[in-house]
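There are 2 protein chains.
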Amino acid sequence: MSQFEEKTVSSKTIFNGRIVQLVVEDVELPNGSKSKREIVKHPGAVAVIAQTDDQKVILVRQYRKPLEKEIYEIPAGKLEPGEEPESSAIREMEEETGYTCGSVQHLVSFYTSPGFSDELLHVYVATDLVKGQPHLDEDEFLEIEEVELNEALQMIQDHRIYDAKTVYAIQYLQLIQLTQK
Amino acid sequence: MSQFEEKTVSSKTIFNGRIVQLVVEDVELPNGSKSKREIVKHPGAVAVIAQTDDQKVILVRQYRKPLEKEIYEIPAGKLEPGEEPESSAIREMEEETGYTCGSVQHLVSFYTSPGFSDELLHVYVATDLVKGQPHLDEDEFLEIEEVELNEALQMIQDHRIYDAKTVYAIQYLQLIQLTQK
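Residue numbers (our numbering), protein chains in the order written: chain A, 4 to 184; chain B, 4 to 184.
A few of these clues could be false.
It does not matter which identical chain is used: a pair holds within one copy or between any two.
In silico lysine-lysine, BS3-like type, Cα no more than 25 Å apart, as pairs [claimed, not checked]:
(1) Lys10 with Lys59
(2) Lys81 with Lys39
(3) Lys72 with Lys15
(4) Lys134 with Lys15
(5) Lys134 with Lys72
(6) Lys81 with Lys10
(7) Lys39 with Lys15
(8) Lys37 with Lys72
(9) Lys10 with Lys72
(10) Lys72 with Lys39
(11) Lys44 with Lys81
(12) Lys81 with Lys37
(13) Lys59 with Lys37
(14) Lys44 with Lys15
If you are wondering where the hints come from, they were derived from the structure by calculation, not from laboratory data.
Whenever a hint applies, use it, and build me the whole structure from the sequences.
What follows is the structure, given as C-alpha cells:
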C-alpha cells in the first residue's frame, strides 16, 4: 500500500466523450481530510520517432484545436480499443506518413500529464522505412515534413515544434547522434 | 490563416472545475464537414530540473490519483492566476523541496497533450541551490528523493519515474553530461 494513498470516497462521471471521460472524485487524504480530484481518462496513445535514410526527422503538421494553431509533431495517434501499442504505432506511422517500417522498437512510455490525466503515451523508434502513400481518415488533415535535426532544434526555439513528445523525440535524436560520434 | 484551421461553430462548457475546464466544440473542418472536439483547458504549469552539489537529481515522490499510484517527478506545480512562470518555478521548488535557488533559467516550454488539452508546461533549470525546509500546503503529501543520474535511468526502466516532464528532464541531464565530457 502506498503511504500517500488518496482513498476514493465517491466518484462521479461528468462527461463520457468520444476521446476523453471526465470523472470527479471525492477523496480522503493521508491525514484524513477531504479533497476533490478532477480526472481526465484517456485511452492512451502512441508516437513514433523515425528518420529517413538521409537522417531527416519525419514530422506531421496539423491543426490542434485546443491550441488554435498548427504545430509539427512526430506521427502519433490514440489507441483504438483492444489495440496493441506496437501495432498502433505501425498503423499510425503508415496512415499519416505513408512510410511502412521494417521494424519498430519500444523506447519508453510515459504519462503526459499525471496531475490530472491517465493518458499513457508509448513511444517507438521505427527503422528500415519504405516510402509509400499516406491514407488519412477523411476527417484528418495533415502534411508531412522531413527536416534535418538542426532545423528541428530551431523549430523548438520558434514554437513550430511545441509539444512534449516531439521535444522529447528531438532530444533523443540529439543524444543518439552524440553517443554515436 | 492556417490551411488546416478548424472553425468553431459552437462551444459548450461542460465542466468548470478547480483545475480543469471541459469544453466541447462543434467545428467545421477544412473540407466543410463537421466534427466535435473535446478540449480540456488548464491554467498551465511549471517544472524545475535541479541537481544538488554532488550532481544528484532532485525528485519528489507523490501519489497521483489519476494513476492510482505514487511516482517520482521533478518538482512541479500548476500556475496560479496572474503568476509569472519563473516566479512559480522558484516558489514550487522552495515549497516542495525546501531548496532555494540562486538562479533559474528557462529551458523549454511544451504542450503536454495537444490532442485534447491546452496545458502548457514551462521547464526551468535551477542552479546555486541552498538547502532549507519544505513548506507544503496542508493538503500536499510528498517526499523528496535525491538520486544519481544512473539510478534515475533505472527508475525510468521500472516505471518509478513514469511521466513526460521527468523522462524529458533525465534525458536532458544525460545530454548535458555527454556534452561536458
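Consistency of the hints with the structure:
1. Lys10 with Lys59: neither (48 Å within a copy, 32 Å between copies)
2. Lys81 with Lys39: between (28 Å within a copy, 16 Å between copies)
3. Lys72 with Lys15: Between copies, since 20 Å is at most 25 Å while 33 Å is not.
4. Lys134 with Lys15: Neither. Shortest intra-copy (47 Å) and inter-copy (42 Å) distances fail the 25 Å Cα cut-off.
5. Lys134 with Lys72: neither (28 Å within a copy, 42 Å between copies)
6. Lys81 with Lys10: between (29 Å within a copy, 23 Å between copies)
7. Lys39 with Lys15: Both. Shortest intra-copy (11 Å) and inter-copy (23 Å) distances satisfy the 25 Å Cα cut-off.
8. Lys37 with Lys72: Close across copies (18 Å), not inside one copy (39 Å); limit 25 Å.
9. Lys10 with Lys72: Close across copies (11 Å), not inside one copy (39 Å); limit 25 Å.
10. Lys72 with Lys39: Between. Shortest inter-copy distance 17 Å satisfies the 25 Å Cα cut-off; intra-copy 32 Å does not.
11. Lys44 with Lys81: For lysine 44 and lysine 81, both the intra-copy (12 Å) and inter-copy (19 Å) Cα distances are at most 25 Å.
12. Lys81 with Lys37: between (34 Å within a copy, 20 Å between copies)
13. Lys59 with Lys37: This pair counts as neither: shortest intra-copy Cα distance 52 Å, inter-copy 35 Å.
14. Lys44 with Lys15: both (13 Å within a copy, 19 Å between copies)
In summary, the numbered hints that this structure violates are 1, 4, 5, 13.
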